[in-house]
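Construct the entire structure; sequences and hints are all you get.
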Amino acid sequence: MQLAASTQTDVARRTRRRVDRRLMPFILLLYIVSYLDRFNVSLAGLQMSKELGFSDSVFGLGSGIFFIGYFLLEIPGGVLAEVWSARKWIARILLTWGFLASATGFIHTAQQFYWARFFLGVAEAGFVPGILVYLSHWYRPEDRGKAIAIFFAGIPASQALGGPLAAVLLRIHWLGLAGWRWLLILEGIPAVVLGIITLFYLTERPQKAKWLQPDEREWLAGELEKEQASKTERISAWRALADPRVLLLAAILFLGLNSNYGVSLWLPQMVQRLSTFDVSKVSLIASIPSLCSLPLMLLVGWHSDRSGERIWHTVIPRLLSAASLIVVFFSTVSGHIWLSVAMLSLATIGFYCAHPAFWPLPNVFLGRAAAAASLGLINSFGNLGGFLGPYMLGALSDRTGGFGPGLLYLAGCSLTSGLLVLVVGSVAGLKRRTRSS
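Letter by letter, the sequence shown follows residues 77 to 513 in my numbering.
Treat the hints as calculated values from the structure; they're not laboratory data. A quick note: this is a predicted structure, and the numbers were derived from the prediction, not measured. No false leads were mixed into what you were given.
Computed cross-link-like contacts, DSS-like style, restricted to lysine-lysine with a CA-CA straight-line distance of at most 25 Å: (1) Lys302 / Lys286; (2) Lys357 / Lys126; (3) Lys286 / Lys164; (4) Lys164 / Lys284; (5) Lys302 / Lys284.
Right, here's the structure in full:
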């Protein structure tokens, strides 16, 4: 009996390590490329707004309208990944968004800017729920928080990488095109290449994984079947869409992403206006907050898995972001650039550290099919905050002549988001040691 248990433990350890080594570096790379294409507009804006004569309202609307397009196909994207093929769905997204990201480098008017960003959002819709569905085919609930943390680490990693890349690309002027155009054109190409590679590299499910040993395939498939068998309540996909808990999670994400994307898409221009630095230095400074948040995000994901606690691992980062943005408001008014950068770094740490514990929550009370539908709904409605946050910051800046009122708006969104997570914890009874995910 002891020998059998020891053998089972050895198989589990080998399988988990092999899956980690095979999947997570590649999936992390996909998300890094995704966010490079999504957020390089914030760095391109250092030159683009001046060259094309965009006001803050125009830039904020163009940056945020990406998420309107994203909203339209996000829910079907999660369902398609589950019932059709997560691998093929992810590859399709990579190919189309890569082409459209590069095409954005050829815009000349505000209307072209709006349409380019809108269709880029349409192309990328379904990527996050598709990846989350894919991970649910390979990771047990108790391992999923760690995997999600590594996946979402692509956000700060891409922004930390994007700053130095932009510092170089914004300096070039080839073929009569400004640096911001080359930034957008060149950073779309890796997505196209990775879309082709994805079709051949990713494996649909453990049962088809030739890179696993037979006993490893059997163990992993069995563990994932146990998860489904242990669900005492199977909630249909349609019921999930009307479940008040799912809608509450969507509201939490909506408010959180108001502040997250509001800061991320305006950060380079905030630094530029608070300083006398050139665009290369501004690009490098703008990468500091994301660089600081990367290791802490992974640590929070690991600790959330180890403790089995999800609620407070989401609430505390949200409250940290709110408090930091309030301090940024006062530091921008007084013109303290480095205090502003430090507080924006803390706010960014809060944004990203909330992700690993938040995303396992839907699977606590939903079956796999319903979770796929709910992930799309939560991510789709939540990402509308990515439209409102940047737009509100730009519109308030035009009206008031500064970022202060917009920062207070973003702080309020982050605070409310954190408080609503406590409501979810109370409703679902998950305040302590929510082992399932």
